[in-house]
Amino acid sequence: MTPPVSVHKSALSGLLALPLLLAPLLGGSARAETPILLKIKDHRFTPAEIHVKANQPSLIVMTNADATAEEFDSTSLKVEKVVPGNASGNIRIRPLAPGRYPFMGEYHSDTAQGVVIAE
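39 is the number that my numbering gives to position 39 of the sequence shown; each next residue is one higher, with no gaps.
Everything labelled a hint here was simulated from the structure, so no lab data went into it. Hints may contain errors.
[What the hints assert, rightly or not] Here are the simulated lysine-lysine pairs, DSS-like style, with alpha carbons at most 27 Å apart:
1) 78 <-> 39
2) 41 <-> 53
3) 81 <-> 53
4) 81 <-> 39
5) 41 <-> 78
6) 81 <-> 41
7) 53 <-> 39
[Said to hold, decoys possible] Between beta-carbon pairs, the in silico distance windows are:
8) 61 <-> 102: 17 to 25 Å
9) 85 <-> 48: 28 to 36 Å
10) 107 <-> 78: 13 to 21 Å
Please read these numbers as outputs of a predicted model, since none were measured by experiment. Even glycine gets a Cβ: it sits at the ideal position worked out from N, Cα and C.
Please take these sequences and the hints and turn them into a complete structure.
As structure tokens, this is what we get:
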């Protein structure tokens, strides 16, 4: 009856290795980020003001509820991300000094505007 024990040990070893396999997907850190939800609908961002903690990385999950693609674009954040219509995308924000960082929807810049505020 030795084989069931070795199979059990093998399964347990696989579970113990799981965090090591997932670490690169988490950016090398097991620290969980709380995602900030950003929605674009009718070519307008909601919320238009996003508050983040200064000097810490942030994750924005942008949901595009419009039928057409939109590009999250910010020169001051050094970020560009195209999100197809009726889809979502992740936008990673580097640690920021306290301040205001404007962003816009590149394809509808007259209405799609917002700001990240690091405090």
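Status of the hints after comparison with the structure:
1. 78 <-> 39: holds (20 Å)
2. 41 <-> 53: holds (26 Å)
3. 81 <-> 53: holds (21 Å)
4. 81 <-> 39: Distance of about 14 Å is within 27 Å: holds.
5. 41 <-> 78: Answer holds: residue 41 to residue 78 is near 23 Å, not above 27 Å.
6. 81 <-> 41: holds (16 Å)
7. 53 <-> 39: Distance of about 20 Å is within 27 Å: holds.
8. 61 <-> 102: 17 to 25 Å: holds (20 Å)
9. 85 <-> 48: 28 to 36 Å: Given a distance of about 20 Å, which is not inside 28 to 36 Å, the answer is violated.
10. 107 <-> 78: 13 to 21 Å: holds (19 Å)
Going through the hint list in order, the structure does not satisfy hint 9, though it satisfies all others.
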